[in-house]
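**Student:** Below are the chains, spelled out letter by letter.
2 protein chains.
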Amino acid sequence: MSELRFDPIKNRWSIIASERKLRPHEFNVPRQDATPDNGRENCPFEPGRERMTPPEILVLPPPSPRPDGPSWQVRVVPNKFPALRVEGHVEREGLGLYDRVAGIGAHEVIIETPEHEKEMADLELEELALVFHAYRARLLDLRKDLRLRYVLLFKNKGRESGASLSHPHSQLIATPIIPTFVVHELNASRQHFRHKERCIFCDLIHQEQRLGERIALETGSFIALEPYASAFPFETWILPKAHQFDFGALTDDELLALARIVQDLLRRMKSLLDDPPYNMVVHTAPSPHPRPGQPDYWSTIEYDYHWHIELVPRITRIAGFEWGSGYTINPTPPEEAARFLQEADPIGGRHA
Amino acid sequence: MSELRFDPIKNRWSIIASERKLRPHEFNVPRQDATPDNGRENCPFEPGRERMTPPEILVLPPPSPRPDGPSWQVRVVPNKFPALRVEGHVEREGLGLYDRVAGIGAHEVIIETPEHEKEMADLELEELALVFHAYRARLLDLRKDLRLRYVLLFKNKGRESGASLSHPHSQLIATPIIPTFVVHELNASRQHFRHKERCIFCDLIHQEQRLGERIALETGSFIALEPYASAFPFETWILPKAHQFDFGALTDDELLALARIVQDLLRRMKSLLDDPPYNMVVHTAPSPHPRPGQPDYWSTIEYDYHWHIELVPRITRIAGFEWGSGYTINPTPPEEAARFLQEADPIGGRHA
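So the sequence lines, in the order shown, correspond to chains S and Z. If you use the numbering used here, the first sequence closes out at 352, no skipped numbers anywhere. If you use the numbering used here, the second sequence closes out at 1352, no skipped numbers anywhere.
So here's chain S without its partners, still in its complex pose (with noise of 0.2 Å):
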């Protein structure tokens, strides 16, 4: 059974996955450049071999009721290797000094396509907001199990990134605590709503705007910028210009929206720099705490937050400096970064 453990010196979780336990040995994955880059040959997620996977949760769009109808565009199934797994109960405990919740949680994969050389960047953009259309649908569904207080839907694209299998595919893992970093971004956000009674997304949009300088892309609903601190070069945000706290109420048509401005940036990203590993992440409320007897479940929701989508491509290593600091070297000012992608081709480039 795996665990999430607390350290209170650093204030920081960490999931011990038991279940996941290597021996010293098998411990070679990054320097070895052994990861097969898996071919089609062996890839659990063609279609005709969906018993490779464990039974599916969810097909897109839903199984045509013709015995000849369309096959599955979008598919998610449970991760087979599951760093939390669902069944149990939530145990929460103090050890002396440190925390412990038991591990439950949900882990699974959100197969973007039945075409294994078709990359997220590369897909129609009927079929990207499918995938989305999964994204919320799952995190509605999990948002039901009462034991689990936040689900993170992401995507690693390519070895660097972390990715093991490069049929593309995004993951969510659903845990029983609020990740750290969301709970440092819905602290930040809850202080400044209640000094101010604005949004501080919604400031940060504001400004950038007036600034101009570090915008990637922006349509009608959406913006994508370049963030004044960036981490990491090309660092970028993609953000609803309206105030949205949950990406469970994204409706159809917003749903299309977004797919529209994450089809740009990642071909804009794909050639401009050379079809690179990338992390996105979606940075939505969490699930609401129940109030036994309280009608209104919904009260509880960080409704002072902004959900929005994180998207780092995977450039430049993580070294001791960044590490033991807290904080990173970006060689890229996200004011370069900006202009780059603004004209960067969203063709594709080399790699159309």
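Each hint should be verified, as a subset may be incorrect.
[Stated by the list, open to error] Distance condition first, Cα-Cα at most 27 Å in a straight line; then the derived BS3-like pairs of lysine-lysine:
1) Lys1241(Z) to Lys10(S)
2) Lys1241(Z) to Lys1196(Z)
3) Lys1010(Z) to Lys10(S)
4) Lys1144(Z) to Lys241(S)
5) Lys80(S) to Lys10(S)
6) Lys1080(Z) to Lys1010(Z)
7) Lys196(S) to Lys1010(Z)
8) Lys1118(Z) to Lys1080(Z)
9) Lys241(S) to Lys196(S)
10) Lys1196(Z) to Lys10(S)
11) Lys80(S) to Lys118(S)
I should point out that these hints are in silico values taken from the structure, not numbers from a laboratory.
Put chain Z on the given structure of chain S with help from the hints.
**Tutor:** Okay, now just chain Z, sitting in the frame of chain S:
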């Protein structure tokens, strides 16, 4: 001129190092294994090539007055491509939502040995102690610069750890602000001390000694622990068993005792994990804030802190989940890591 920038949402500083500026096509290091394991032929840290580095800041042992006396064993030079430069004033200012500190600081390289192939783990005890003498000397010297609030001493070993040159070396970066992670630790220590009049690290050591499950090594004056909420497999903290807040105050005898446990630990890791890349970081109390007219300069130092060294083998990858959540998935319980290290061969194993 570099800048330190603060993000009020993430509560995070970032160094925008525009002097190290890279254009998009130059970001190819992680993917293409392009970093040369630079051999001795071109190595600027070899004896006899002292002119390839900026002029030296410190040499140990001190240069012999005899014409044919022994040459250097440890040599400290400015980093040729510094993230921060020493010249200039510290200018702190707010910019709308943001904060900025014009980036002065120091960035130095501590060449640990004249021998290109002799890794830190291979150094003799007295040689390793001499490296720690250099750490102490530079820390004490840079504290005299009242613009600088913190001196971070660290080592990246191996390409995967972020090292760009293979000749054994450590680095230091001194900054006009205290690094985020250090601030977290200082706050936790101060709060614990205020409530309980005890050091939180001393409490941690006593708890671990009572439990006996996560101690990798213990000597008369030092203990090497696998922390309860280890973020990474074989993450190890080396702490003085007696309360000490300041690495700069260590005696020569203490530096030798430190060298003994570090040498033992590095050799065990080398044999157990097949010569892994790693990051090693010294965590110590920040430079005291000077108070004009106050005779007791030292009264402001954080005496409730407990200096220690953190050692993290870089044998797993950081993926999107970790970046997005702030917590990590660690597949090796610290209890098992401790047992493996206890049983490991400190003589050097396969690589001896």
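**Student:** Can you name, in rising order, the numbers of the hints this structure does not satisfy?
**Tutor:** Violated hints (numbers, rising): 4, 5 and 6; every other hint is consistent with the structure.
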